Amino acid sequence: MNSRESLTKTYLTQGSGLEAAHAYSNLMDRFVRALFLEAGFRERIKESGQEPLAVVALGGYGRRELCFHSDVDLLVIHQGRLSAEMNEIIPRAIYPLWDAKLEVGHSILTVPESIRLAFNDFRVLTALIDSRFLLGSRSFYRLFREAFWSRIYREKSSLLERFLIYQQEREDKYHSEAYFVEPDIKDGLGGLRDLHFMAWMARVYFRCKRFSEIRRFAVFSHFEFNKLAHSRSFLLKVRNHHHLLANRKEDRLLLACQKKISQDLGYKDGPYIEGPEKLMRDLYLHMNRIRYGHDEFKVKALDLIHPLPPELVQDQITPEFQVIKGNVVLKEGALSEKDPSVILRALKEANQRGLFLGSGFIWESKGIIAKKGKDLLKSLGARELFLKILLEPENPKIIRLMLEMGLLTLFIPEFKRIRNLAEFGFYHVRTVDLHSLKALDVLYRISRGAYDEQWPLFKNVFRDLEHPDWLFLATLLHDIGKGHGKDHSKKGAELIPGILNRFGIGKKAMEVVSFLIAQHLFLVNISQHRDLGDEKTSVQAAQLIQDKDVLRMSFLLSVADSFSTGPMVRNEWKTILHRIAFYQSLQSKYSLLFCFMQGLQFNVLQ
Amino acid sequence: MKKIEAIIKPFKLDDVKDAVLKLGVSGITITEVKGFGRQKGHKEIYRGAEYVVDFLPKIKLEVVVATDIAPRVVEVIKEHAHTGEIGDGKIFVMSVEKAVRIRTGEEDRDAI
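So the sequence lines, in the order shown, correspond to chains P and E.
Quick note on the numbering used here: the first sequence kicks off at 2 and runs consecutively.
Quick note on the numbering used here: the second sequence kicks off at 2 and runs consecutively.
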């Protein structure tokens with residue numbers, strides 16, 4: 002396969018990910034056809050007339066999405082007993098594929114056998130959904146497809162559960178933090194599999210041969226196909242590079258490879274953000290887009306498959322909305338005709354009731370926020386409403402949604418800089434924006450006593466706060482200074498007055514929030530690098546943080562920060578140290594006074 | 002060869018590590034451990050509620066060295082982990098029969 006080498010070179014210098022995958026699939030088609038012909042396939046057909054037999058590409062190969070070390074899955078479908086000649090020809094054709102060191106999967110089945118197998122094994126089923134004719138009898142292949150699809154359409158209701166279980170299993174597996182740092186481009190959440198899933202569902206339940214045909218259905222008319230196609234191409238490009246680099250079928254983007262791939266793709270180290278971080282930032286952007294597109298699609302598709310009547314909770318919700326299947330939606334009219342602040346009111350309702358927004362509503366809102374963001378900013382009470390949702394998070398999913406909808410960056414443009422910002426390494430498992438939201442979630446859980454069993458102190462400290470809202474603000478914004486180069490704490494603190502001014506927040510709150518952000522690593526640092534048994538340490542801490550309420554906030558912020566950073570930071574051992582540091586500092590208020598009375602001098606920390 | 006195991010205060014890790022490396026030791030293993038000695042744990046009282054810490058966080062440092070420099074390593078750890086306060090930790094020294102570097106198969110002195 003010399004052309005494979007040359008294709009590799011061409012692909013590395015030019016072409017989109019999709020083009021490369023198509024080119025490679027085409028090349029493979031030619032190769033497979035040539036092998037079969039060489040093995041005597043044509044002669045055999047000439048001798049015996051058209052034998053009912055077809056060679057079919059399956060799965061990713063069928064989708065023409067082949068990457069350099071992807072499996073090349075082939076199926077030979079035939080009728081009755083395979084002739085002795087064919088029995089010799091097929092292995093003769095397939096062995097050279099193995100010799101070419103390709104990952105080949107092949108099976109030889111009759112039509113009923115293949116259909117039975119598909120309905121026993123979901124993976125076979127989806128592989129067959131994506132099947133594509135390569136050579137042999139085209140009319141026989143058509144017969145096979147008719148049989149396969151008529152069985153699918155007959156049983157599509159019972160298949161639905163298997164589709165959903167399949168996605169659930171993926172979610173359970175790939176939701177773990179380990180996959181944040183080293184995402185799986187194919188099977189991970191937001192990976193290519195989410196796109197496959199949408200295409201399979203569209204095909205089985207809405208009879209769309211091409212995924213984009215789903216636009217026929219009004220609820221999907223806004224669907225951002227072009228963006229999704231672009232994201233798919235990006236993932237394919239990274240995947241191809243990764244296959245070449247790892248020299249095997251490896252879809253999990255390992256840390257060691259991220260650096261090399263970022264160089265190959267032309268990402269350069271910037272003054273503040275390194276090349277690999279830029280690559281990952283783009284990758285997260287695309288994977289997030291696919292994941293959100295998928296979630297949106299799934300909800301709408303399920304709604305079309307099994308429409309349910311609206312729930313009767315009308316009297317609890319304001320008249321402009323209604324609740325359908327746990328989602329807040331507009332009662333009547335189109336969103337675009339209304340005052341854009343209706344979006345915030347809907348979010349507020351959803352937040353208070355632990356509900357989510359309807360998917361169409363989300364979709365349309367995103368468009369309005371992107372286009373008419375300024376109107377929304379100007380509309381009466383919008384900032385207050387935004388702040389209220391932020392500071393009284395009853396439903397953490399809502400804040401995540403606000404980030405996805407572009408509201409967070411609309412009201413706090415400074416947030417754009419940390420959006421999808423990855424920090425290269427194992428230490429930080431999330432991008433900076435998601436880490437900030439996770440920290441907010443940890444805080445919310447502390448306030449609800451979620452850590453009471455192991456760390457009852459957290460909630461007790463939270464309960465003593467005079468201004469929990471200041472802490473929520475500081476937590477959301479504690480890393481806002483990242484992406485600006487060194488000392489993000491200091492930079493973050495500098496950004497605070499500008500941000501909080503826009504919300505009309507008072508001077509005292511501004512000072513405290515700035516201080517908390519400037520010092521958000523202080524307690525963690527002393528807990529690990531200073532002698533906690535030495536009174537000087539706690540006196541210095543108490544000198545820096547004079548106010549007990551600020552000390553409490555500082556403690557909870559650093560807990561929320563470390564608990565949301567990753568498994569290397571969040572462990573019991575570090576938390577105990579951390580707690581001791583807090584406790585000693587709290588106690589030493591008295592010793593501080595005592596020391597002053599004695600006229601002792603201590604070095605004040607900078 | 003001797004294996005030296007030291008339990009030290011967490012904040013002393015950097016000092017001790019630097020000092021040991023200066024002796025020409027090429028590798029150190031550290032573990033975050035919890036335990037108590039004569040120090041026992043400690044008790045925190047916040048708003049009347051008691052939080053007892055039975056096991057205090059410590060660092061366990063392990064290093065295998067040639068027998069001739071072992072006393073020097075012990076000396077250096079002792080010197081740098083010392084605060085004079087309770088809970089400074091302990092050092093244990095034990096003999097090691099064999100060492101193998103997995104990658105190359107080198108043994109004993111060549112492997113450490």
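Calculated directly from the structure, the hints in this document are not laboratory data.
Fair warning: this is a prediction, and the values are worked out from it, not measured in the lab.
Don't take every hint at face value.
Said to hold, decoys possible - Below, a list of computed lysine-lysine pairs in the DSS-like style, where the Cα atoms sit at most 30 Å apart: (1) K299/P to K250/P; (2) K549/P to K3/E; (3) K509/P to K389/P; (4) K99/E to K575/P; (5) K44/E to K61/E; (6) K575/P to K4/E; (7) K417/P to K44/E; (8) K99/E to K44/E; (9) K91/E to K575/P.
Comparing the hints with the structure gives:
1. Only pairs whose Cα atoms come within 30 Å are accepted, and K299/P paired with K250/P is accepted, the gap being roughly 29 Å.
2. Our distance criterion of 30 Å between C-alpha atoms is broken by K549/P and K3/E, whose separation comes to about 50 Å.
3. For the suggested pair K509/P and K389/P, the alpha carbons sit about 19 Å apart, so the restraint of at most 30 Å is met.
4. As the CA atoms of K99/E and K575/P are separated by approximately 34 Å, the hinted pair breaks the 30 Å bound.
5. At most 30 Å may separate the alpha-carbon atoms for a hinted pair to count; K44/E and K61/E meet this at roughly 23 Å.
6. For a cut-off of 30 Å, the pair hint linking K575/P to K4/E stands: about 27 Å separates their Cα positions.
7. Between K417/P and K44/E the alpha-carbon distance is near 44 Å, which puts this suggested pair outside the 30 Å criterion.
8. As the CA atoms of K99/E and K44/E are separated by approximately 43 Å, the hinted pair breaks the 30 Å bound.
9. With a C-alpha separation of about 21 Å, the suggested pair K91/E and K575/P falls inside the 30 Å cut-off, and the hint holds.
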